[in-house]
Amino acid sequence: MNVRSQISMVFHLDKCIGCHTCSIACKNIWTDRKGAEYMWWNNVETKPGTGYPTKWEDQNIYRGGWQKENGKVSLKGAGKRRGLTNIFYNPNLPVIDDYYEPFTYRYLDLIESPEGDDQPTARPVSLITGEPIDIKMGPNWDDDLSGTPDYARNDPNLKNLSAAEQEVMFQLERMAFFYLPRICNHCLNPACVASCPSGAIYKRGEDGVVLINQEVCRAWRMCVTACPYKKSYYNWHTGKSEKCILCFPRIEAGLAPACMHSCVGRIRYLGVLLYDAEKIEAAVHDDESRLINRQLDMILDPFDEEVIKSAKQNGIADSTIHAAQFSPVYKYVKEWKLALPLHAEFRTLPMLFYVPPLLPVMATVKQVDNSEGEKKMNPMAKYWDDNWLYDTSTKELWGTLDQVRFPLKYLANLLSAGDEELIKDKWRKMMAVRIHRRRVTVGDVSNEKADEALRDAHLTPEMADGIFYLTALAKFEDRFVIPPAHREQAIEMIDFTGDTKGETGFGIKSKIRRGL
Amino acid sequence: MNALNNFFLIALPYIALALFLVGSIYRYTYKGFQLSSLSTQFLEGRRLFYGSLPFHWGVLFLFIGHLIAFLFPSSVLAWNSQPLRLLILEITAFIFGISMLVGLVNLLVRRYTTPRLKYVTNKMDLVVYLLLIFQTVIGLWIAYNFRWGSSWFSTLLSPYLYSIFSFQPDIKAIVLLPVPVKLHIIGAFVIIAIIPFSRLIHFLVPPINYIWRPYQQVYWNWSKRDVRNPEAPWSLQRPKNN
Ligand code: SF4
Ligand code: SF4
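First to last, the sequence lines map onto chains A and B.
Position 117 of the first sequence, counting from 1, maps to 117 under the working numbering, and the rest follow consecutively.
Position 43 of the second sequence, counting from 1, maps to 43 under the working numbering, and the rest follow consecutively.
Keep in mind the hints are simulated off the structure, nothing from the lab.
Please note that a few of the clues may not be correct.
[Stated by the list, open to error] From the derived model, a few chain A residues whose C-beta atoms are all more than 12 Å from chain B:
no.	residue
1	His20
2	Ile111
3	Thr121
4	His322
[Claimed, not checked] Derived lysine to any residue pairs resembling SDA-like cross-links, with alpha carbons at most 20 Å apart:
no.	chain 1	residue 1	chain 2	residue 2
5	A	Lys80	B	His56
6	B	Lys31	A	Arg514
7	A	Lys34	B	Glu44
8	A	Lys80	B	Ile208
9	B	Lys31	A	Gly116
10	A	Lys34	B	Thr121
11	B	Lys123	A	Arg513
12	B	Lys31	A	His237
13	A	Lys312	B	Lys123
14	A	Lys80	B	Pro207
15	A	Lys80	B	Val218
16	A	Lys80	B	Trp212
17	A	Lys80	B	Trp57
18	A	Lys80	B	Thr121
All C-beta atoms, glycine included, are put in the ideal place defined by N, C-alpha and C.
Generate coordinates for the entire structure from the input sequences, incorporating the hints supplied.
See the structure below:
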């Protein structure tokens, strides 16, 4: 057993309201500078949708992540042979238009234009060239299903959904969507690290944060291709790649990362997971259907005597072990088995887990006859001339899992490498918690029914209460259990990064200049 | 004439080599952040294909070719002892030269006709382009007009370069060479001189060690074994990434 500790995250998708506060918090701290304007280390996409950069999940285009061929696992679009032969021209590199051309508006024109017959306008200008541009694309261009024909319908996760199933998703009246906030997953088998020819990218042993050394990066841009989540970005101005740093200067100071701290929906949880590094190799090589189980297998019980002993031998501090024992992530991922990694089939062993969304999926629609009401209506009055109504009033209080209006397969493609049973399993649990809590707080659910729901979901009432607490009531200290960083032993944490805000963002204290 | 020859064929090489050495070491050591290939593929990815690929493969082949001729002149001569093999070598090299020129011209045109690239282009880039084009054109000219360069390079230029590197400059033989060849030599040293002051520096940091390093890299800021040992002061544990 080779115990390591990893700072790991859970995002509870049921709670995300798509407010993008997280993205703004991140941008304000780290990427509000030249060359990084287009980067969103944290971004929130509407699903179904093509995401950012467009269609990032389609590895036939970007060739990110690992692939298994004849029992061998290799990087799909990078690696030693491919990376070095493509170094002069990387055929799978996304270009800026796949993200969007960053822009601003000439606000000054609004107040400085000379008097005239027309209102002055603030024209959009490119942040690269400074010239006026026609905006064709921007961050969250497809937010809340706007432009559905171009975006949502091209969602790569719709693959292997039948035409009828897709139609169901897109009848306007029945449309459902949810938000998917994404940051770097700080993977255990990071494709970005493996693809970097200069060896500039590394995983920190102490907490598993994946970082790019800005002094060693030489702009070979292989990590941009290799990361299947497209969370490594190329800074076109400095000629260096950059990625989410999990706010390591904040974590080391005991603060939650900016995106998590500011999260309005309180959907984010962060804590330590102890895992067995010896199992990485075997997990990565297993069949697609077993990847998630293998990954969960690697996560160790922080209360187990053996685990604690080996953790200590490996130099993991008592305080870190203690944090692991109170980790909300451990509870969601391992104890309750409620959270799943995003696209496990990319084989990077991502350490950011998602609780699949239940709510947008459970309501149905029904046709109602409004004709009588319309006749009575005062013609001047405004009324909603739609005969479709959301039907949330089933006998079952919340509807049943058989009535989902979102094809299960879609979520399975996204979160469980295609395994629909896994998603159902999570939903059953979330439903059981609701029924159980209804019994406790309102009391209009029979004991038999509530107990049966819990039994079906393999939950005890205590577990259900725990899930309820952490999901609905959790305070700051419950959601973020951050081990002390032991500054006395740390190196990277000595720099105060506020000094270089707007220039480098992190690490480097000197003024940033692009090379000749 | 003598003074000119002395300056361009003896002084210039030493100035160039000194600038190259001091400048590169300084930039590598103190300006790590500015060491980058400054790829522009992210801003323009289509036309780069027709520039970067022919240029880089061409220059790579020719650079290694010149290097081999300098390091192992006798083996090049041995290879060339059969006319057919000489012909094959010369024609291949010529094709790579053409490829390099085509690539360079494409790169130059691309850089100055793509609006976005104007904002990531500096004056040194133009100097680099023009110097390289000059060097390539002269090289092709020599290859065409003064045939079988691979042979006379090995007999004339290798000893000259060797004499430079052994600090006993001997230009007796090469002062007699035609002007284009001298220009090619001068061009080469000027290029060497500007390496530390231009994007050319990236050719000094090719990612060779990627070939044998393990794919994954995990760095500890402190030694994970010693950290729990009270006898071992933490400050003695050199972090691996600094
Ligand atoms: S999500 Fe991408 S950038 Fe982040 S660690 Fe994984 S492979 Fe690397
Ligand atoms: S701040 Fe929280 S709730 Fe708002 S979009 Fe981000 S993850 Fe969702």
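### Query
Honestly, which of those hints from before does the structure not fit?
Of the numbered hints given earlier, those the structure breaks are 9, 13 and 18, listed in rising order.
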